[in-house]
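Taking the hints into account, I'd like the entire structure generated from these sequences.
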Amino acid sequence: MKLIVNGRPHEVDVEPEMPLLWVLRDELGITGPKYGCGIAFCGACTVHIDGAPVRSCAMPVGQVEGEVTTIEGLGQPEALHAVQKAWVDLQVAQCGYCQSGQIMTAASLLQTTPSPTDEEIDNALAANLCRCGTYPRIRAAVKQAAKNLKGA
Amino acid sequence: MGKLATIARRTFLIGSAAVAGGVAFGVYQAKKTLPNPLKEDAPAGAAVFNPWVLIDAQGITLIAPHTDLGQGVRSMQAALIAEELDVDLNQVRVTPGAPSAAYYNTATADESVPFLSTDDSWQADAARGAVGTVIRMLGMQVTGGSTAVPDSFVKLRQAGAMARETLKLAASEQSGVPVAQLKTAQGAVLLPDGRKLPYTQLAARAAQLKPVQDVPLRPPEQWRLLGKPMQRVDVLDKSTGRLKYGIDLAMDGMLIAAVRLNPHNGAPLKRFDAKAAEGMRGVKKVLPVTSGVAVVADNTWRAFKAAEAVDCEWADAPYPANQADHWKAVADTFGNDGRLDKVWRNDGDVDAFTGATNPHTITAEYRAPYLAHAPLEPLAAVVKVSPERVDVWVSHQIPRVAQQKVAAIVGQPESQVHLHNQYSGGSFGHRLEFDHVTLAAEVAKQMPGVPIKLVFRREEDFAHDYPRQIGMARGRGAVDGGQVQALGLDIATVSSSASQFGRMGQAMPGPDGQIAAGAWNMAYALPHCRVRAYRVPELAPTSSWRSVGASTAGFFAESFMDELVHAAGADPLAERLRLARDERSRQLLQLLGRMCDWKGAKPAPGVGRGVAFVTSFGVPCAQVVEVRRLPEGIRIENVWVAVDVGPVIDPVNFENLVQGGVVWALGHAMNCEITYEGGKAQQSNFHAFTGMRLNQCPAIHVQALAGTAKIRGVGEPPVPPAAPALANAIFAATGQRIREMPFAKHIDFV
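Listed in order, the protein sequences are those of chains A and B. Using this note's numbering, the first residue of the first sequence is number 1, and each one after it goes up by one. Using this note's numbering, the first residue of the second sequence is number 1, and each one after it goes up by one.
FYI, nobody ran anything at the bench for these hints, they're computed from the structure. All the given hints hold, so there is nothing to weed out.
From the derived model, a few chain A residues whose C-beta atoms are all more than 12 Å from chain B:
1. Lys-2
2. Pro-9
3. Glu-11
4. Ile-49
5. Ala-52
6. Gln-63
7. Glu-65
8. Gln-111
9. Lys-147
10. Gly-151
Straight line, CA to CA, 20 Å or less: simulated SDA-like cross-link-like pairs of lysine to any residue:
11. Lys-228(B) / Val-88(A)
12. Lys-244(B) / Gln-76(A)
13. Lys-244(B) / Gly-75(A)
14. Lys-284(B) / Val-14(A)
15. Lys-228(B) / Asp-89(A)
16. Lys-196(B) / Ala-57(B)
17. Lys-745(B) / Asn-671(B)
18. Lys-147(A) / Gln-111(A)
19. Lys-143(A) / Ala-699(B)
Glycine residues also receive a C-beta, built at the ideal position from the N, C-alpha and C atoms.
Written as structure tokens, this is what we have:
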């Protein structure tokens with residue numbers, strides 16, 4: 001089975017019903033997307049497929065059509081995505097385990113909605129659970145990222 | 001004087017733990033020098049000053065033994081050392097180090113004695129000292145109880161200062177320049193002529209010197225790092241997906257284990273049939289383990305699927321099968337003198353003042369359910385058993401006990417068990433437990449040479465969470481002349497501490513200080529006040545949940561206080577201020593009033609404000625929650641938090657942690673409970689137990705009270721006041737008094 005992840009082609013030999021998350025984590029060693037619930041309820045596994053946010057824990061790999069982007073492909077320390085930069089500047093993370101998913105959801109929100117209202121931020125990010133309770137900083141960081149993106 | 005004595009004591013302990021022999025306290029065991037865990041492993045030419053700093057030609061390593069559960073203690077510990085050592089955080093490597101008795105926690109004693117944590121009297125100090133000695137004797141390295149900061153604040157700065165002065169001595173010997181003319185900055189000793197001698201080049205010489213001790217610590221006005229916003233050492237990796245948690249580890253030849261355990265928590269497996277599972281793709285082995293089976297496979301998802309396919313027959317739960325019987329067991333404990341754990345406070349005469357003839361007597365009953373910890377990273381551990389060595393990669397709050405348990409399972413001495421403590425994806429008390437480590441060890445023992453990564457499915461994690469204590473309280477109080485006069489509170493909960501100690505093979509001596517924590521120590525000078533703790537016989541096994549006893553007792557106490565204030569016709573903030581028994585508490589409540597511009601509990605139509613003030617882990621914390629009543633339900637709009645925590649090490653992380661504590665408390669108080677049916681927890685995943693999500697999150701405004709309070713940790717203290725403040729706000733907005741968590745059983749939230 002062929003898969004393009006973060007711009008690189010991969011060939012994997014797995015059952016088509018294996019969720020994309022486990023192909024990424026266990027077969028390809030890409031561990032930025034996290035396992036939190038396995039039922040698409042916590043958002044820690046969020047990746048982009050052709051730019052759209054997808055819960056990779058509930059997406060059978062056989063049904064993936066399009067290029068997969070994980071947090072690793074969004075940006076790296078030497079070249080941060082605007083959302084990641086806002087996350088670092090505002091020091092959002094506590095345990096950090098949900099933050100890959102939060103950042104991926106925020107990045108795709110800003111892609112489609114460059115100037116989100118508070119309600120739009122709430123609606124989009126409510127899909128991502130943070131057990132540490134970093135929500136006040138997540139809200140502020142989304143707004144900061146939106147501002148940075150407009151300035152860019 | 002008390003403060004000086006404390007510093008002197010801790011100063012001595014650093015010396016003894018690291019380098020010197022000792023003359024402390026006249027207690028034999030306490031005089032023994034604990035082994036320095038770095039000395040055994042240190043490469044030749046490395047200078048080991050004490051268990052917190054390691055410098056060799058390659059670089060500077062700071063050891064941060066408190067486990068980072070997301071609260072940022074790895075950064076905090078590094079910053080304390082760096083402040084005095086004169087290095088920048090981007091110049092050093094920070095590691096949790098190997099578990100060791102030298103890292104025993106000096107601060108846990110504060111919560112183990114029957115004195116208010118804010119009580120600095122000599123009796124209280126003496127009792128803390130005695131308990132501290134016991135903890136030291138046990139070599140109890142524990143992260144919990146909001147103790148990482150108070151444990152580290154003096155001794156890690158002292159460690160940095162000793163290392164710095166010893167390096168200066170080495171530089172003086174090397175250069176011939178007197179120590180008094182040397183300065184230090186950014187990891188180097190500066191000579192008067194402008195030359196720099198990097199610490200890394202001085203390490204070998206410094207290793208030959210007797211470490212310089214009794215170095216005075218710099219006063220706060222000279223701090224470069226502390227008290228100012230810092231960038232956490234982990235924030236970049238946590239924002240780019242690069243940070244490896246325990247669950248992310250991969251190593252050559254590694255296999256994945258998934259467990260299927262008896263959902264009746266603690267009961268054994270009767271029999272199993274693994275035929276279907278054994279034929280599934282990628283499955284290597286199916287093994288019986290304690291309370292269930294483990295499936296070993298080449299991929300986590302395959303292991304999960306195969307574990308579900310094992311046909312198991314389970315023994316019954318060792319506790320009541322259904323929730324109603326749990327509540328009945330709690331209720332039946334009241335008034336049973338044999339279950340009276342301790343009368344924590346008994347001022348005046350509550351019974352006489354709240355007699356049947358007093359028309360102003362108020363009674364009320366409250367309930368707090370079991371709650372799961374459910375950190376977002378499920379439990380996971382990697383164990384590899386070799387002939388003369390066992391390696392364990394796990395995030396654990398009591399790593400030495402985990403090490404002991406693994407040693408016993410694999411049959412090797414503890415000294416051969418190497419535990420590599422990992423960053424964790426949250427804990428909230430969950431990683432005080434051992435099942436993930438011991439089960440991984442059971443599997444790894446049967447597959448020597450193979451690294452086994454055991455991962456709990458989320459459903460297994462919920463089923464074996466060891467939830468928060470279940471409890472009830474009955475209040476009986478009275479008001480007179482517009483004032484609260486009497487408050488009696490009987491609290492009955494299971495003992496999560498006893499349950500937890502039992503799983504460590506230890507009995508818990510004496511009463512459980514957590515049952516009434518946050519209630520008996522309420523900072524109100526009431527003419528009649530009595531708080532009695534009843535210990536419910538063990539039901540489902542439970543454990544410490546962020547803020548432990550105060551998360552239930554604080555809710556009971558401040559809810560009932562609010563009912564009394566209302567009955568008295570008084571203002572919720574003004575009456576608490578009137579009752580405040582010390583100046584610091586008054587200042588805290590006044591700060592809270594200024595922060596929210598307090599104008600009463602009903603500042604506008606449809607808006608309600610509730611107050612609560614709870615002291616836990618030595619930290620007084622007062623909150624106002626503001627809600628708005630909308631046609632669809634209650635919306636929480638604002639929370640103001642005033643907290644008396646002493647010096648704040650990093651104001652950014654401080655605010656984040658306090659906000660997180662409030663979100664944690666409100667989310668569970670609104671939405672969550674664990675209930676049992678047929679002996680199983682009914683909530684199996686986040687669809688049924690979600691805490692708070694972003695759309696329900698209010699604005700949270702945080703301030704620390706300025707002044708010179710003793711330094712404390714802030715991971716837990718913001719939790720207990722939030723639930724009662726919310727219930728009190730809902731009452732102000734609607735007239736509906738909610739006495740049971742989760743509140744969503746009684747009112748809708750939007």
